[in-house]
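Visitor: So the protein sequences, as listed, match chains A and B.
Start counting the first sequence at 1; every next residue gets the next number (this note's numbering).
Start counting the second sequence at 1; every next residue gets the next number (this note's numbering).
A hint or two may mislead.
[Said to hold, decoys possible] Here are some of the chain B residues that sit facing chain A, going by a computed Cβ distance under 7 angstroms: (1) Thr42; (2) Gly47; (3) Val83; (4) Ala84; (5) Cys108; (6) Phe110; (7) Arg135; (8) Leu138; (9) Ser139; (10) Tyr148.
[What the hints assert, rightly or not] Quick list of the computed label-pair ranges, beta carbon to beta carbon: (11) A:Pro39 to B:Gly89: 31 to 39 angstroms; (12) B:Ala13 to A:Glu124: 22 to 30 angstroms; (13) A:Pro40 to B:Lys126: 40 to 48 angstroms; (14) A:Pro39 to B:Asn5: 25 to 33 angstroms; (15) B:Gly6 to A:Val133: 27 to 35 angstroms; (16) B:Gly89 to A:Arg537: 21 to 29 angstroms; (17) B:Ala13 to A:Gly18: 36 to 44 angstroms; (18) A:Ala495 to B:Glu24: 44 to 52 angstroms; (19) B:Glu79 to A:Phe638: 52 to 60 angstroms.
In case anyone wonders, no lab produced these hints; they're calculated from the structure.
Glycine included, every Cβ here is placed at the ideal spot set by N, Cα and C.
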Amino acid sequence: MEAKKVEDKSPWLGRSIGRLEDKALLLGRGRFIDDLGAPPGTLEAAILRSPHAHARIDRIETARARALPGVTAVLTGKDIEALTAPLLGVLKAAAHSFPIAIDRVLYVGEPVAIALATDRYIAEDALDLIEVVYEALPPVIDPRAALLADAPLLHPGLASNLVSDRSFRYGDPESAFAQAAFRVAIDTRYPRNAATPIETYGVLADYDPGADAYDVLSNFQGPFSLHPVIAKALKVPGNRLRLRSPPDCGGSFGVKEGVFPYIVLIAAAARAAGRTVKWIEDRLEHLAASSCATGRLTHLEAAVTGEGRILALDWDQIEDVGATLRAPEPATLYRMHANMTGAYDIRHLKIRNRVVLTNKMPSGLNRGFGGPQVYFPLERLMQRIARKLGLDPLAVIRRNLIAKEAFPYRTATGGFLDSGDYQGAVAAALEEGGIEELYRRREEARAEGRLYGIGFAAVVEPSVSNMGYITTVLTAEERRRAGQKSGAQATATVAIDPLGALTVKVASVPQGQGHRTVLSQIVADIFGLEPEAVSVRADLDTAKDGWSIASGNYSSRFAPAVAGAAFLAASRLRARLQRIAASQLNVAADEIVFAEGRVSARGNPENALSFSRLAASPHWAPQSLPQGEESALSETVFWTPPQLAPPNDKDEINSSLCYGFIFDICALEVDRVTGELRIDRYVSMHDCGPLLHPAMVAGQVNGGFAHGLGAALFEEQVYDGEGNLLTGTFADYLIPTVKEVPAPMVLHRHTPSPLTPLGAKGVGEGNAMSTPVTIANAAADALGLDEVTLPLQPSTLAPRLYGPERRRKEKTLARGRDAVRE
Amino acid sequence: MPRLNGERRHRIAFTLDGKPVSGEAEPRLLLSDFLRHVIGETGTHVGCEQGICGACTVEIDGRPSRSCLTLAVQVEGAEIRTVAGLAAGPETLCVLQEAFRARHGLQCGFCTGGILVSLNALFRDKPEASEAEIREVLSGHLCRCTGYVSIMEAALAAQKRLSGKTHA
Ligand code: FES
Ligand code: FES
Numbered sequence: 001m002e003a004k005k006v007e008d009k010s011p012w013l014g015r016s017i018g019r020l021e022d023k024a025l026l027l028g029r030g031r032f033i034d035d036l037g038a039p040p041g042t043l044e045a046a047i048l049r050s051p052h053a054h055a056r057i058d059r060i061e062t063a064r065a066r067a068l069p070g071v072t073a074v075l076t077g078k079d080i081e082a083l084t085a086p087l088l089g090v091l092k093a094a095a096h097s098f099p100i101a102i103d104r105v106l107y108v109g110e111p112v113a114i115a116l117a118t119d120r121y122i123a124e125d126a127l128d129l130i131e132v133v134y135e136a137l138p139p140v141i142d143p144r145a146a147l148l149a150d151a152p153l154l155h156p157g158l159a160s161n162l163v164s165d166r167s168f169r170y171g172d173p174e175s176a177f178a179q180a181a182f183r184v185a186i187d188t189r190y191p192r193n194a195a196t197p198i199e200t201y202g203v204l205a206d207y208d209p210g211a212d213a214y215d216v217l218s219n220f221q222g223p224f225s226l227h228p229v230i231a232k233a234l235k236v237p238g239n240r241l242r243l244r245s246p247p248d249c250g251g252s253f254g255v256k257e258g259v260f261p262y263i264v265l266i267a268a269a270a271r272a273a274g275r276t277v278k279w280i281e282d283r284l285e286h287l288a289a290s291s292c293a294t295g296r297l298t299h300l301e302a303a304v305t306g307e308g309r310i311l312a313l314d315w316d317q318i319e320d321v322g323a324t325l326r327a328p329e330p331a332t333l334y335r336m337h338a339n340m341t342g343a344y345d346i347r348h349l350k351i352r353n354r355v356v357l358t359n360k361m362p363s364g365l366n367r368g369f370g371g372p373q374v375y376f377p378l379e380r381l382m383q384r385i386a387r388k389l390g391l392d393p394l395a396v397i398r399r400n401l402i403a404k405e406a407f408p409y410r411t412a413t414g415g416f417l418d419s420g421d422y423q424g425a426v427a428a429a430l431e432e433g434g435i436e437e438l439y440r441r442r443e444e445a446r447a448e449g450r451l452y453g454i455g456f457a458a459v460v461e462p463s464v465s466n467m468g469y470i471t472t473v474l475t476a477e478e479r480r481r482a483g484q485k486s487g488a489q490a491t492a493t494v495a496i497d498p499l500g501a502l503t504v505k506v507a508s509v510p511q512g513q514g515h516r517t518v519l520s521q522i523v524a525d526i527f528g529l530e531p532e533a534v535s536v537r538a539d540l541d542t543a544k545d546g547w548s549i550a551s552g553n554y555s556s557r558f559a560p561a562v563a564g565a566a567f568l569a570a571s572r573l574r575a576r577l578q579r580i581a582a583s584q585l586n587v588a589a590d591e592i593v594f595a596e597g598r599v600s601a602r603g604n605p606e607n608a609l610s611f612s613r614l615a616a617s618p619h620w621a622p623q624s625l626p627q628g629e630e631s632a633l634s635e636t637v638f639w640t641p642p643q644l645a646p647p648n649d650k651d652e653i654n655s656s657l658c659y660g661f662i663f664d665i666c667a668l669e670v671d672r673v674t675g676e677l678r679i680d681r682y683v684s685m686h687d688c689g690p691l692l693h694p695a696m697v698a699g700q701v702n703g704g705f706a707h708g709l710g711a712a713l714f715e716e717q718v719y720d721g722e723g724n725l726l727t728g729t730f731a732d733y734l735i736p737t738v739k740e741v742p743a744p745m746v747l748h749r750h751t752p753s754p755l756t757p758l759g760a761k762g763v764g765e766g767n768a769m770s771t772p773v774t775i776a777n778a779a780a781d782a783l784g785l786d787e788v789t790l791p792l793q794p795s796t797l798a799p800r801l802y803g804p805e806r807r808r809k810e811k812t813l814a815r816g817r818d819a820v821r822e
Numbered sequence: 001m002p003r004l005n006g007e008r009r010h011r012i013a014f015t016l017d018g019k020p021v022s023g024e025a026e027p028r029l030l031l032s033d034f035l036r037h038v039i040g041e042t043g044t045h046v047g048c049e050q051g052i053c054g055a056c057t058v059e060i061d062g063r064p065s066r067s068c069l070t071l072a073v074q075v076e077g078a079e080i081r082t083v084a085g086l087a088a089g090p091e092t093l094c095v096l097q098e099a100f101r102a103r104h105g106l107q108c109g110f111c112t113g114g115i116l117v118s119l120n121a122l123f124r125d126k127p128e129a130s131e132a133e134i135r136e137v138l139s140g141h142l143c144r145c146t147g148y149v150s151i152m153e154a155a156l157a158a159q160k161r162l163s164g165k166t167h168a
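Here chain A stands alone, though its shape is the one from the complex (with noise of 0.2 angstroms):
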């Protein structure tokens, strides 16, 4: 690899510069999608969505609605499916969707028809018109009762709603589970919640019937794997489908993914009605029938020694995606595969993942994907096994960490934790975090009969996911068949104008998180030059930029993969430059350095030019270029880290690149009066290797406490009985408020990297894992709880307060069953 690390005197990177982003945000200029303008002729889009959660669609009737002036088409599913193929998923086995109901509808707020008009008042007038007749068939809500036997299908093509059942072994765990002195078990259920961006989805979509091809304009955040799989759904080649985003987007963590069916729905709809088409979702339309995480049930059992070393975990975990598969699930499921084991060497495991439809909103990427699901189950049986053994729950934390110098750690189920010292920042979070001081507080208020609690979480933050991991949830047969997949390309480019300046592109999609700035930081540094000289853009064109199915903002994999990547294509370039340099400063080319815009021989500052004259030489003289030297007008790198294999004939499978580590504590007081939760401390220990921009990594952290926080606390997309949403709006879909975030202590150790570019590893959704469950464990230890059910409200607690232990424990399984809000 060319120029390794960063060198030591970064005048730029590392730094908390402001951001190059903001000042046209601030001043009210920022470019969002529905700030673009659209063509003269554009139609507006209003979808008509469906009031039921499974229902057979009879008729439509859409005369009324065409006949509305201002009205140019309403278009139904079977409009829809003649100009398209079903959305391909991960499993072949398992229904096959259209962006909209065909003939049957299986959530509510499924897309059934839509009405395109001059405007969307207008649009949405004509959804009025539109009278569609129903025969309603019986749902299926709760995804344990999706698995029996006698359960009403989703998709009468399948046997069953369970589209994928698959146990997996490693180590020796019988014989493990076998030997232990004890067996501690624990049920939990993770709620389905959205990170619910304040931007909402968008697309303009047009089809050119001279070429046959499509040119999108959507707030989608990638993976542009699914860039095939728009393509085959609306049938051309990829070559033919335009994938643009605009310069900036409102927010995404993880839920602009979701975006894609529109994208399929949107642009048929442009080429049914021979003209370019807009839809901007509305906030109802978003919590109904966007994206959200999955829902898990998960039975976690330890074998465990009398001194609480875990010998072995067992897993049965049940995923509910919603009414299909969409791609990539199930990825939640599978994102987090090689780290089961989470901070702990525990040597043998068995899971057993399922996958069963319901009749909700179908999942998608959601900060966290995947993590929030293992960790809460994971680090509440850490506590549960200190109760029951009568240990600290630090103890037994301690106990099992991985040491030190076990680094870098194969997993038992394959994964490479390349770095890592979990049990020094442990103690150094103790002692910063005043753990001294907190028991204090705990024993004080206990005396008084307050109900005070501390909750420790220990998790591992894996970033830059194998393109690969999400095959694991095939058999090693059924991989073979279909191809083995891997890697996660990440790429750059770095441009030279002919006066001299650069322009840096990557494919990263960003929805906030300031990449452009940090790229100026990288790039400057190398070129001796200020960020401000530096332009970057990270929005994507398919047809124009250099792109791979990794592309986009997930797995947060922006500091160590795509930072890294313009950093390896700058060095590059500037290697050129300096070779360049060297024949006309007739010094050797090691001897050339770049510093505040000039380019010189080392220890003779006046044997120099400056940087934009020299840069700029490749596109006026390129005949003057030194013998046997290329242009040097841009450099493009494509980088992929050969640790990403696919998984092996054993299942094993290292599903990401790097493995960053938090330990959090959480000290809280529930009012005994009202069941409030009031957080007094938290802290949270962070090592995500060296901070490329320290404000945007607090930026991330304290985000993504909040996300953990809203998720602990109030979030949860809920369904009746019947499958009808009870959150629809803000007001019932609650997310925190300035009230209820509490700044957060936020503390940082720096183990790098020894896999990426730059050390870095992704910081930016670590929280949204540890979160949930260290309140969770903090409210178990004040209240004396077993049984946690997340969102902890004051509702739910207060029976936990004052109702007998029986009657708590009929109420969460009643919960469990019916997923219905207390």
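Could you slot chain B with the ligands onto chain A? The hints should help.
Guide: For chain B with the ligands alone, kept in the frame of chain A given last:
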């Protein structure tokens, strides 16, 4: 308010960020849509149209209001101020905007315009607002990116710099 005909468009005129503007609107047209799609003032964002997220907040005759809960025809003759009207000069950030930049009070920036409008009004009308009062005002705005920490820091820093000075 004059009698309006639901079938017709009506001409409305008001002052937007200090300049006169006018356009045609059906009585049902939301002010947020009028600002964004008729006038082209896209700094005012729409996050919910349910009156909850606060992204669409503008000042109407000196009071921060949800433009998604206001009809365009209601603001005939009013003074409206949006995020685009806060800047110190055509391309120059005001003290409040500068504080958000310095303290990283934004990530995606989608919620930010509404927040700036509300804080601007608060610090103008009540320069000595307590931290609790600032929180109260900010609790009318949902932000999904920042976890609010940097927003509070930016607000307090701006208040500090503004105190003693008069603000537009
Ligand atoms: S868009 Fe007006 S409050 Fe959300
Ligand atoms: S900065 Fe993205 S919603 Fe607030």
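Visitor: Now tell me, hint by hint, if it's right for this structure.
Guide: Against the structure, the hints come out as follows:
1. Nearest Cβ of chain A to the Cβ of Thr42 of chain B: about 4 angstroms, under the 7 angstroms cut. The hint holds.
2. This hint holds: Gly47 of chain B has a C-beta 4 angstroms from the nearest C-beta of chain A, less than the 7 angstroms allowed.
3. Interface hint at Val83 of chain B: satisfied, since its Cβ lies 4 angstroms from the closest Cβ of chain A, which is below the 7 angstroms cut-off.
4. With its C-beta approaching chain A no nearer than about 4 angstroms, Ala84 of chain B sits inside the 7 angstroms limit, and its interface hint holds.
5. Because the smallest distance between the Cβ of Cys108 of chain B and any Cβ of chain A comes to about 3 angstroms, under 7 angstroms, the interface hint for this residue holds.
6. The closest approach between the C-beta of Phe110 of chain B and any C-beta of chain A is roughly 3 angstroms, which is under the 7 angstroms cut-off, so the hint is satisfied.
7. Hint on Arg135 of chain B holds. Least Cβ distance to chain A is approximately 5 angstroms, under the 7 angstroms limit.
8. Among the interface hints, the one on Leu138 of chain B holds; its C-beta lies about 4 angstroms from the nearest C-beta in chain A, closer than the 7 angstroms criterion.
9. Using the Cβ-Cβ criterion of 7 angstroms, the hint placing Ser139 of chain B at the interface with chain A is satisfied: the shortest such distance is roughly 4 angstroms.
10. A hinted interface residue such as Tyr148 of chain B counts as satisfied when its beta carbon comes closer than 7 angstroms to some beta carbon of chain A; here the least separation is about 4 angstroms, so the hint holds.
11. In this structure, Pro39 of chain A and Gly89 of chain B meet the distance hint of 31 to 39 angstroms, their C-beta atoms being roughly 33 angstroms apart.
12. Taking the beta carbon of each, Ala13 of chain B and Glu124 of chain A are about 27 angstroms apart, inside 22 to 30 angstroms as hinted.
13. One distance hint, 40 to 48 angstroms for the beta-carbon pair Pro40 of chain A and Lys126 of chain B, holds here, with the actual separation near 47 angstroms.
14. Distance hint for Pro39 of chain A and Asn5 of chain B: a CB-CB separation of about 31 angstroms, consistent with the stated range 25 to 33 angstroms.
15. A hinted range of 27 to 35 angstroms holds for the C-beta pair Gly6 of chain B and Val133 of chain A, which are about 30 angstroms apart.
16. Separation of Gly89 of chain B from Arg537 of chain A is about 27 angstroms and conforms to the stated range, judged on CB atoms against 21 to 29 angstroms.
17. Separation of Ala13 of chain B from Gly18 of chain A is about 39 angstroms and conforms to the stated range, judged on CB atoms against 36 to 44 angstroms.
18. Taking the beta carbon of each, Ala495 of chain A and Glu24 of chain B are about 46 angstroms apart, inside 44 to 52 angstroms as hinted.
19. Under the hint 52 to 60 angstroms, the C-beta atoms of Glu79 of chain B and Phe638 of chain A, about 55 angstroms apart, fit the expected range.
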